[in-house]
Amino acid sequence: MVETSYYIALAGILFSIGAVGFLMRRSVIQMFLCVELMLNSANLVLVAFARAWGNLEAQTAVFIILTLAAAEVAIGLAIIVAIFRKRVSTNVDELSSLKG
Amino acid sequence: MNMVVFVLLALLAIVGAFGVILWKNAIYSALSLVGTLLSLACIFVTLEAQFLASVQVIVYAGAIMVLFLFVIMLLNAQYPSDEVDPLEWVAPAAIAGGIVLAGAIAYTAFLFKAPKPLEEAAKALQGGTPGPVGETLFTKFLLPFEAVSLLLIVAVVGAVALVKREPEGKQVRETLEERATHTPEEVVA
Amino acid sequence: MIVPPLVGWLLLIAFGKRLAEPTSGYVASGMILLSFVMAVLGFAGTMGLAEGKQWHVQLWEFLPFIGGEGKSLHMGFALDQLSSLMTLIITGIGFLIHVFAIGYMHGDSGFSRFFAYLNFFIAFMLVLVLADSLPILFIGWEGVGVASFLLIGFWYKDFNNSNAARKAFIVNRVGDAFLMLGMFLLFKEFGTLNLHELRESFGSINVPLVGQVTKNVVAFGAPGLELACIFLLLGAAGKSAQLPLSTWLPDAMAGPTPVSALIHAATMVTAGVYLVARNSELFAHAPVASSWVAWVGALTAVYGAVSAIAQTDIKKILAYSTVSQLGFMFVAVGCGAYWVGIFHVLTHAFFKALLFLSSGSVIHALEGEQDVRKMGGLRGALPTTHAVSLIGTLAIMGVPLLSGFFSKDAILESALKSPFFDGSKDAVGSINILLFAVMVIVATMTAAYMWRWYVLVFSGEYRGNAHPHESGAVMTLPLMILAVLSVIGGWIGLPHFLGKNANLIEPFLEKVSANAKGMTELKGIVEFIPLICSIIAVIAGYFIANYFYRRDGARIMAEVPNGFGTASRNALFLDKVYDFVLGNPSRVAAVFFGIVDKSGVQGGAQLLGEQVSEAGSSLSFWQSGFARGYGVSVLIGTVALIAFLIVRGFA
Chain A
1 MVETSYYIAL AGILFSIGAV GFLMRRSVIQ MFLCVELMLN SANLVLVAFA
51 RAWGNLEAQT AVFIILTLAA AEVAIGLAII VAIFRKRVST NVDELSSLKG
Chain B
1 MNMVVFVLLA LLAIVGAFGV ILWKNAIYSA LSLVGTLLSL ACIFVTLEAQ
51 FLASVQVIVY AGAIMVLFLF VIMLLNAQYP SDEVDPLEWV APAAIAGGIV
101 LAGAIAYTAF LFKAPKPLEE AAKALQGGTP GPVGETLFTK FLLPFEAVSL
151 LLIVAVVGAV ALVKREPEGK QVRETLEERA THTPEEVVA
Chain C
1 MIVPPLVGWL LLIAFGKRLA EPTSGYVASG MILLSFVMAV LGFAGTMGLA
51 EGKQWHVQLW EFLPFIGGEG KSLHMGFALD QLSSLMTLII TGIGFLIHVF
101 AIGYMHGDSG FSRFFAYLNF FIAFMLVLVL ADSLPILFIG WEGVGVASFL
151 LIGFWYKDFN NSNAARKAFI VNRVGDAFLM LGMFLLFKEF GTLNLHELRE
201 SFGSINVPLV GQVTKNVVAF GAPGLELACI FLLLGAAGKS AQLPLSTWLP
251 DAMAGPTPVS ALIHAATMVT AGVYLVARNS ELFAHAPVAS SWVAWVGALT
301 AVYGAVSAIA QTDIKKILAY STVSQLGFMF VAVGCGAYWV GIFHVLTHAF
351 FKALLFLSSG SVIHALEGEQ DVRKMGGLRG ALPTTHAVSL IGTLAIMGVP
401 LLSGFFSKDA ILESALKSPF FDGSKDAVGS INILLFAVMV IVATMTAAYM
451 WRWYVLVFSG EYRGNAHPHE SGAVMTLPLM ILAVLSVIGG WIGLPHFLGK
501 NANLIEPFLE KVSANAKGMT ELKGIVEFIP LICSIIAVIA GYFIANYFYR
551 RDGARIMAEV PNGFGTASRN ALFLDKVYDF VLGNPSRVAA VFFGIVDKSG
601 VQGGAQLLGE QVSEAGSSLS FWQSGFARGY GVSVLIGTVA LIAFLIVRGF
651 A
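Top line first, the protein sequences correspond to chains A, B and C. The numbering of the first sequence is the working numbering, which starts it at 1 and goes up by one. The numbering of the second sequence is the working numbering, which starts it at 1 and goes up by one. The numbering of the third sequence is the working numbering, which starts it at 1 and goes up by one.
Source of the hints: derived by calculation from the structure; they are not laboratory data. Each residue gets a CB set at the ideal place from its N, CA and C atoms; glycine is no exception. Warning: the hint list may mix true and false statements.
Label-pair restraints from in silico Cβ distances [stated by the list, open to error]: (1) B/D85 to C/G603: 43 to 51 Å; (2) A/V88 to B/A114: 32 to 40 Å; (3) A/K86 to C/I646: 29 to 37 Å; (4) A/A42 to C/M180: 29 to 37 Å; (5) A/R85 to C/G600: 38 to 46 Å; (6) A/A42 to B/A114: 37 to 45 Å; (7) B/W89 to C/Q606: 32 to 40 Å.
Taking lysine-lysine pairs in the DSBU-like style, the calculated list, with each CA pair at most 30 Å apart, reads [as the list claims (entries may be wrong)]: (8) A/K86 to B/K164; (9) C/K598 to C/K167; (10) C/K598 to C/K374; (11) B/K113 to B/K123; (12) A/K86 to B/K113; (13) C/K167 to C/K316.
Derived, one-sided and incomplete: chain A residues facing chain B with beta-carbon distance under 8 Å [what the hints assert, rightly or not]: (14) M1; (15) F15; (16) G18; (17) V35; (18) E36; (19) L37; (20) V47; (21) A48; (22) L56; (23) Q59; (24) A82; (25) K86; (26) V92; (27) L95.
Given only the sequences and the hints, what does the whole structure look like? Please build it.
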């Protein structure tokens with residue numbers, strides 16, 4: 001069997017890719033995709049540790065996170081649609097009126 | 001043998017992840033994410049989480065990503081804006097930070113010492129089939145389960161309320177000034 | 001019993017806007033009627049209750065073990081003879097006034113709000129009289145205070161009205177502070193605030209007491225008890241408008257007339273009398289405090305009567321008359337004749353509510369005119385109102401066979417009977433001639449100013465220029481019922497010489513009140529002295545008023561007040577005294593603190609604010625508004641955190 005550490009390392013790489021993508025992309029939708037990627041890497045960590053400890057609770061937590069992600073996507077996409085109606089753009093840098 | 005499978009799947013996932021952030025077209029990005037998610041589902045199977053793997057395919061790769069594609073095409077937002085980046089310093093900073101972060105996490109990952117032999121722990125999971133997972137879900141996690149169901153309802157209502165079009169020329173919410181013009185008597189009565 | 005008005009209040013507060021105008025009035029009145037029926041049932045039940053017994057419902061316990069083991073405060077209600085009689089007065093008169101108000105408040109924009117407040121008031125008044133312990137009584141006490149505040153300032157758009165409401169509220173707070181002090185002291189002395197347990201602390205009935213309290217620890221006339229009773233007296237003085245806290249009541253007439261009738265004549269202001277009667281056992285063991293009660297009452301009676309004589313506002317005459325009558329009640333309870341005080345509460349509720357409502361009817365008829373100099377001759381225009389007012393006037397004057405006669409006679413008798421204390425514990429004289437004489441003089445003045453009121457309003461020629469018209473049945477019907485009650489209300493307390501069983505109310509209330517010590521039995525011809533004096537007082541008052549005021553309209557209009565008149569009209573300048581003693585120092589203090597605030601506090605705060613905002617603006621570039629910029633910050637933070645953890649080691 002593959003050691004847990006490899007899975008954690010993989011999750012860390014995926015997470016970092018997601019974070020970099022979140023910062024580089026300027027389309028709101030692509031940023032959102034990156035957020036999903038980061039969320040999945042967190043899931044991977046949970047599942048890997050569940051096997052390491054022989055405990056099903058972490059897997060159940062992942063199940064709940066999946067549901068939560070569904071809710072999050074529904075709201076997030078609704079917000080994107082609402083913003084798009086107002087601005088006719090999905091570029092985050094145009095949404096910078098809230099500054100000090 | 002196991003290691004070969006893992007490396008293959010991991011490579012697939014990483015390639016998909018790079019696809020997500022490198023494609024200019026949002027549709028390609030989304031499809032790359034589907035690839036990552038599918039390979040993650042396979043990794044879940046190797047991690048004794050069969051139920052989660054199937055849910056990952058059905059819910060994530062199926063429902064959620066379809067929703068993404070739908071919105072992208074609805075808004076016709078797949079093409080990137082060709083404006084100048086107002087924050088030029090962000091991209092290099094992000095790449096540098098990302099590399100450091102990945103390295104740091106990978107480094108810490110190999111500090112992890114298994115608490116018990118893997119084979120023994122894996123057996124306790126009973127393959128992560130729906131039966132054992134459901135048992136945990138409906139006993140220990142009953143309250144979070146119900147809370148999540150409430151959250152889903154709220155999300156549905158919220159999504160509908162956010163996207164609902166208000167009738168033209170008619171403001172639904174009253175402003176503070178309008179509120180202030182009410183006489184105290186009206187407020188009291 | 002408390003529930004229906006509370007429900008009514010909630011209903012009207014919640015849906016008041018949607019209900020059409022008369023509906024909310026009907027809802028409110030119906031709720032009170034329901035309460036009244038329950039009160040009648042409760043009263044019928046208490047008729048058969050034995051001495052020292054009560055119906056007691058304990059709802060819950062709060063602040064357990066506040067004063068050590070076994071001492072805790074309970075939330076509960078108790079019904080005995082005294083409280084059931086009070087509930088009858090409150091709900092009965094309350095109902096009639098609700099009905100009257102349907103007519104009186106017709107067309108007012110705050111119609112539902114008005115009835116909501118009235119319901120609210122009735123609910124808390126019932127809490128007050130049904131409370132089984134002083135803290136619960138205090139809740140009701142404050143509740144009616146709030147209701148009174150809201151209703152005095154009901155037409156809050158007029159600055160004077162809201163000022164009057166504020167004045168009433170603030171003056172009441174002074175009394176409340178003393179009431180609380182009294183409660184604290186009683187708790188220290190007795191270890192309980194439950195009214196029943198307080199009573200039993202003195203009684204002979206063997207009731208196990210809570211905690212360490214043993215029976216009769218507090219001796220007759222003990223300093224602690226005396227002080228507590230004086231605090232209670234001051235608290236009662238606040239609510240019942242006794243000197244020196246009497247100034248708010250006349251101003252409280254700014255509220256709608258039904259409110260004046262209900263709160264500021266019939267029910268709420270008698271709460272002070274109720275408080276003393278409720279704690280009769282305490283006062284009976286505190287002779288000094290009791291004589292304080294009596295003398296405060298007597299002085300207030302004089303003050304009210306003098307002030308009432310030359311007032312020109314139809315309601316202010318009645319207001320000062322109420323102050324004076326409340327003084328009468330305090331005399332009665334101060335003399336140890338607790339049933340007499342409550343008896344006068346009852347009869348006074350009848351005729352004063354009647355008088356206020358008929359003056360409301362007059363005001364209504366004259367489209368808001370309240371100056372008696374512009375009235376007169378309304379006998380023809382308002383026949384019903386005139387008839388009931390005449391009955392009410394005669395009743396308050398104390399004309400024989402009407403209700404006021406019997407209760408006032410009983411008060412005079414108890415004043416004469418009570419022992420006279422000079423500050424030491426021993427009685428100086430066996431009968432209290434001085435107090436008696438003062439009360440007879442006040443009774444004369446009462447007859448005089450009330451007859452003046454009647455003459456100025458109803459007889460002679462009309463001096464105003466409105467077009468008076470009689471009110472509708474919804475207003476006159478309650479008036480007639482109250483008139484009947486004003487006539488027959490006194491017959492439950494006939495004097496002793498008419499037979500042993502002629503007095504119904506005394507044995508009924510004696511069951512819950514204490515027996516005061518040192519009362520002299522009046523024998524033979526002396527027994528009739530109070531009676532004769534009170535009849536003489538009525539006749540004298542009648543002639544005085546007739547001599548001065550039954551004259552033609554022109555002279556009334558041109559009347560130049562002499563020294564006495566001015567003093568009376570300004571209520572002995574008590575307001576001015578307060579303004580001078582309390583108002584001037586606070587104005588000076590206000591100016592001083594204004595300067596301190598502007599230069600010191602505000603300047604300091606501004607300086608601080610400027611410093612902070614300068615510091616903030618130097619960092620504001622970071623708040624660029626770009627989400628990705630913030631994201632980089634998060635990433636840098638994460639990397640730094642993990643780097644720190646790696647360097648430190650994961651321990």
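Quiz item: With 8 Å as the cut and Cβ atoms as the points, is A/G18 at the interface with chain B?
Solution: Hint on A/G18: holds, closest Cβ of chain B at ~7 Å, below 8 Å.
Quiz item: For the pair A/R85 and C/G600, does the Cβ-Cβ distance stay inside 38 to 46 Å?
Solution: 53 Å, violated
Quiz item: Any CB of chain B closer than 8 Å to the CB of A/V47?
Solution: 5 Å, holds
Practice problem: With 29 to 37 Å as the target window, see if A/A42 and C/M180 comply at their CB atoms. | Solution: Given range 29 to 37 Å: violated, Cβ gap about 59 Å.
Self-check item: Range agreement (Cβ of B/A114 with Cβ of A/V88, hint 32 to 40 Å)
Solution: This hint is violated: roughly 54 Å between Cβ atoms.
Exercise. Take the C-alpha atoms of A/K86 and B/K164, compute the straight-line distance between them, and say whether it is at most 30 Å.
Key: Judged against 30 Å, a Cα distance of about 13 Å means the pair holds.
Exercise. Would you check whether A/L95 satisfies its interface hint, that is, whether its CB is within less than 8 Å of any CB in chain B?
Key: 12 Å, violated
Quiz item: Is the shortest C-beta separation between A/E36 and chain B less than 8 Å?
Solution: 7 Å, holds
Quiz item: For the pair supplied as a hint, B/K113 and B/K123, is the alpha-carbon distance within the 30 Å limit?
Solution: Status holds; Cα separation ~19 Å.
Quiz item: Does the alpha-carbon distance linking C/K598 and C/K374 stay inside the 30 Å limit?
Solution: 50 Å, violated
Practice problem: Against chain B, run the beta carbon of A/L56 and see if the smallest gap drops under 8 Å. | Solution: Holds. Min distance 5 Å.
Quiz item: Does the alpha-carbon distance linking A/K86 and B/K113 stay inside the 30 Å limit?
Solution: 52 Å, violated
Consistency with the previously given hints fails for numbers 2, 3, 4, 5, 6, 10, 12, 17, 25, 26 and 27, ordered from lowest to highest.
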